[in-house]
Structure formats: structure tokens, C-alpha cells
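Participant: As a plain string of letters, each chain reads:
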Amino acid sequence: MNAQEIISLLPYSKPFLFVDEIEKIDENGVVGNFTFQPELDFYRGHFKDYPVTPGVILTETMAQIGLVCLGIYLLAEEEFVGQVAMTSSNVEFLKPVFPGEKVTVTSEKVYFRFNKLKCKVLMQNEKGEKVCEAEMAGMFLKV
Amino acid sequence: MTNEEIINKLKPIIVTYAPASESLDNLNENSDFIKDLNINSANLVDIVLDVEEEFGITIDNESMEKMLTVKASIDVISAKLQAK
Numbered sequence: 001m002n003a004q005e006i007i008s009l010l011p012y013s014k015p016f017l018f019v020d021e022i023e024k025i026d027e028n029g030v031v032g033n034f035t036f037q038p039e040l041d042f043y044r045g046h047f048k049d050y051p052v053t054p055g056v057i058l059t060e061t062m063a064q065i066g067l068v069c070l071g072i073y074l075l076a077e078e079e080f081v082g083q084v085a086m087t088s089s090n091v092e093f094l095k096p097v098f099p100g101e102k103v104t105v106t107s108e109k110v111y112f113r114f115n116k117l118k119c120k121v122l123m124q125n126e127k128g129e130k131v132c133e134a135e136m137a138g139m140f141l142k143v
Numbered sequence: 001m002t003n004e005e006i007i008n009k010l011k012p013i014i015v016t017y018a019p020a021s022e023s024l025d026n027l028n029e030n031s032d033f034i035k036d037l038n039i040n041s042a043n044l045v046d047i048v049l050d051v052e053e054e055f056g057i058t059i060d061n062e063s064m065e066k067m068l069t070v071k072a073s074i075d076v077i078s079a080k081l082q083a084k
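For the protein sequence lines, the chains are A and B, in the order given.
Be aware that the first sequence starts at 1, since it is given in this note's numbering, and climbs by one per residue.
Be aware that the second sequence starts at 1, since it is given in this note's numbering, and climbs by one per residue.
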């Protein structure tokens, strides 16, 4: 399964799709990126006069690239049906991400058993600085 | 390994993943992981993975699906230990 096929199977669309590119993917992990366009709606309110990417959006971006893209790849044989749920996340936020910044997410699989995928996920900015770091997990549901 | 030995090893694993509750204080063979102990399916996976490590066994999908109560888990663990 190639990167384009995986992105087409993601169960998200604008304004809640936070994956631009998958740079590298294999059974042990994934690297992908996303650029936060300054026009994104949440910048109007977070914060009122000082736009910063909300932590929940950074968490979501790490989950979409690090868990969902990887999960779709790992489930390639079994046909992913589009239902996924984040089940836990433990995130450390280290640096702010401002409008227009491009971030790279690197995820390393801890395990994928009984449809639960757990990963260690790192987000870096264009300078290569660590922006946030997480351990997160999700379940891929069968209908 | 007797059922009692199994339950003694199983209890601390369950306690790690279950939220504190009266049902957890009264944990017994009939306790249902989801209904009584409020353990979600994601934490149930972690319990099964810890069980594999603790008892040195491998749990397949079919057995995992049966492990919904303490009693059912003891049966699965006991059968896997005997098959070793």
C-alpha cells in the first residue's frame, strides 16, 4: 500500500485532516508532515490576539499521522473500514507551533495486538526542534 | 498452577488498569471486566498482554474474545498453561 492510497483511506476531510504527506512508512513506523495554514479557523479564537496552534490539534495531528496512517498500513490485508478511536494519549508539549509552520511527525510502533495500536510519537518543527512527544494508542474497530 | 495461584497473579494486573471502585475492592471470579470493573476494550488489551508476560503464554484472538470475566480468564490461562 503506498502513501497516496493510505491518505485516501483516512476517515477525515478538511477542516479536520491534518496529514499532508507520508514520507516513509513500514511495519515498524511512519514519518509524515503537515503545514498549519494561517487561514485555519481555530487561529481566530486560540488565542484572541495571539494565534498559536492548540495542543489538542497537535495531539490530533500526531494521532492522524502516527496512529491512523500506520494502522491503515498495518491493516492493509484486512481492509480498513474507517472506524477508529483514540483510546489514550500522554503528551508533553515542549514548544509552541505558530501559524504557517510545517511539522514532521515520527511514530514508532510499540505494539499492534488485538486491533490496538500503541506508538511512541515525536513531533518536530522545520528547525528539527522537538515540539512535542507522546505515547498514544488507538483501536481499529471492526464492523 | 491452581486457580487460586492464578487469581493471585491476575489481581495486581487488573488493579493496574481498572479505575478504583467498590467492584474492584470486591474483585472475585464473577467480576465482569467491562460491566463491573469499567475497564475499556483498550485497557483489556493491555491486561491480556500483561497476562501473556506474567504467565509466559500466548493468547490468540479467539481466547482473547472469551476473556471477559475473571473466571473466563482463569479458564483460558489454565488451559494455556496445561498446553505448554
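Watch out, some of these pointers could steer you wrong.
[Unchecked claim] Simulated DEER-style distance windows between Cβ atoms:
1. Ser-21(B) / Gly-55(A): 43 to 49 Å
2. Asn-40(B) / Lys-130(A): 27 to 33 Å
3. Ser-23(B) / Phe-93(A): 31 to 37 Å
4. Lys-84(B) / Asn-90(A): 32 to 38 Å
[Stated by the list, open to error] Here are the simulated BS3-like pairs of lysine-lysine, each with C-alpha atoms no more than 27 Å apart in a straight line:
5. Lys-11(B) / Lys-127(A)
6. Lys-118(A) / Lys-11(B)
7. Lys-95(A) / Lys-142(A)
Derived by calculation from the structure, the hints in this document are not laboratory data.
Cβ coordinates follow ideal geometry from the N, Cα and C atoms, glycine included.
Participant: Each hint needs a verdict: does it hold in this structure or not?
Facilitator: Right, here's what the structure says about each hint:
Hint check: Ser-21(B) to Gly-55(A), Cβ distance near 30 Å, so the stated range 43 to 49 Å is violated. Taking the beta carbon of each, Asn-40(B) and Lys-130(A) are about 30 Å apart, inside 27 to 33 Å as hinted. Taking 31 to 37 Å as the suggested C-beta distance range, the pair Ser-23(B) and Phe-93(A) conforms, at roughly 36 Å. At about 35 Å, the beta-carbon gap between Lys-84(B) and Asn-90(A) stays in the expected band of 32 to 38 Å.
This hinted pair does not check out: Lys-11(B) and Lys-127(A) have alpha carbons roughly 48 Å apart, beyond 27 Å. Straight-line distance between C-alpha atoms of Lys-118(A) and Lys-11(B) comes to about 24 Å, which keeps the hinted pair within the 27 Å bound. For the given pair, Lys-95(A) sits about 37 Å from Lys-142(A) by alpha-carbon distance, which is inconsistent with the 27 Å threshold.
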